[in-house]
Amino acid sequence: MAGKHTERPIVIAGGGIGGLATALALARKGRASCVLEQNADFAEVGAGIQIGTNVFRMFEVLGLTEAITDIAFFPESLVMKDGLTGNEITRVPVGSAEFRARYRYPYGVIYRVDLLHVLLAACRTSDLITLRTGKKVTDFVDGADRVIVTTADGETIEGCALIGADGLWSKLRERIVGDGKPRVSGHIAYRAVLPIGEVEEEYRPSSVVLWAGPKTHLVHYPLRRGELFNLVAVFHSDRYEEGWNVFGDTEELDLRFKNAHPTVKLLLAKINQWKMWVLCDREPVRSWTQGRATLVGDAAHPMLQYLAQGAGMAFEDAVVLAHHVAAAGDDYAAAFRAYNEARYLRTARVQLYARLYGDFYHAEGVRAELRNELLKPVPGKKPGEGMAWLYDGITV
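No gaps in the numbering here: position 47 of the sequence shown is 47 in the working numbering, and each next residue is one more.
There could be a bad hint or two in this list.
What the hints assert, rightly or not - Straight line, CA to CA, 20 Å or less: simulated EDC-like cross-link-like pairs of lysine to aspartate or glutamate:
1) Lys29 to Glu7
2) Lys265 to Glu364
3) Lys29 to Glu44
Think of the hints as simulated: they come from the structure by calculation, not from any bench.
Computed from a prediction, not measured in an experiment: that's the story for all the values here.
Work out the full structure: start from the sequences and follow the hints.
The structure is reproduced here in structure tokens:
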């Protein structure tokens, strides 16, 4: 860890995965931060997330590899099946020796709650990180040598800089970018996690399995060292509700998947109560930085989940931002500009590819036939090579 830098702390608005990862990355560079979480405690909603090789590269930088490895699950393959016929479309053996040799890091899946707990535990061991709850940032003033942050309860907090990690509906983005509300995709996700023993062994392979159907897909995989089973069903809908923790309508789910393969229906029937969220993103922007204030993660570049890289991009943001803060000394405006410049094209690519993959997964008719043809295994082709631009990750 770099030597301690003595000045006002960097204020981080948001104590989710992106905010805590940023605090930890800054601490590794000797920079103090104060994380302001709007809720009464640090908690995550959601289900499982996939963590690609590029993310494990960031875990190594942050000193999290051992803790993550202890709680994650490492699938044998990423498998896509036809959601109507059940035929296998493609398979990427991410657990194979060949894949590991190519990318050097593993491919895993983890429960969001577990990932947050790992981050929180790491942050609590650092005397450079202050964690405060019940503090929702509503505004800020960018002064000549500081930022003054205002919270919903009327408190003002001074910092040397401000980082917005306040998610898709970021209040700070309204001030910095001002591009209105997020883009509603027309896709809804239903998610559930259950003890793995509640699913028959033949229906819970040690892989990430995606059943791609017309305007629908189901993805499932084990979590928490194989103790839990994660299910996410996605379909097109005009329903819209803000938030991540709304209860889903099983009648609508059954209707959307009425023609699905029997295995898909069997797995969906395992869940009596689903949590739903409406999938949103934004158009990529050239800049999410203004003076001594910048954004990370979903506040900067929210993306659909079809590349499974929302959390991954937040970890990359954290490491790159901390690198530039350390390199720029006390010039936070310069540091944030450099960070923004280093990140905007890569994150924009993930945002746009995620949209494309959503169409790919949900294709029907001739489009689905073409997708299946294009994804057929090619003899001699290295596993996952088409995603090398993403899985190779970044170096700082």
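Status of each hint after checking the structure:
1. Lys29 to Glu7: holds (14 Å)
2. Lys265 to Glu364: holds (19 Å)
3. Lys29 to Glu44: violated (26 Å)
Violated hints amount to a single one, hint 3; each of the other numbered hints is respected by the structure.
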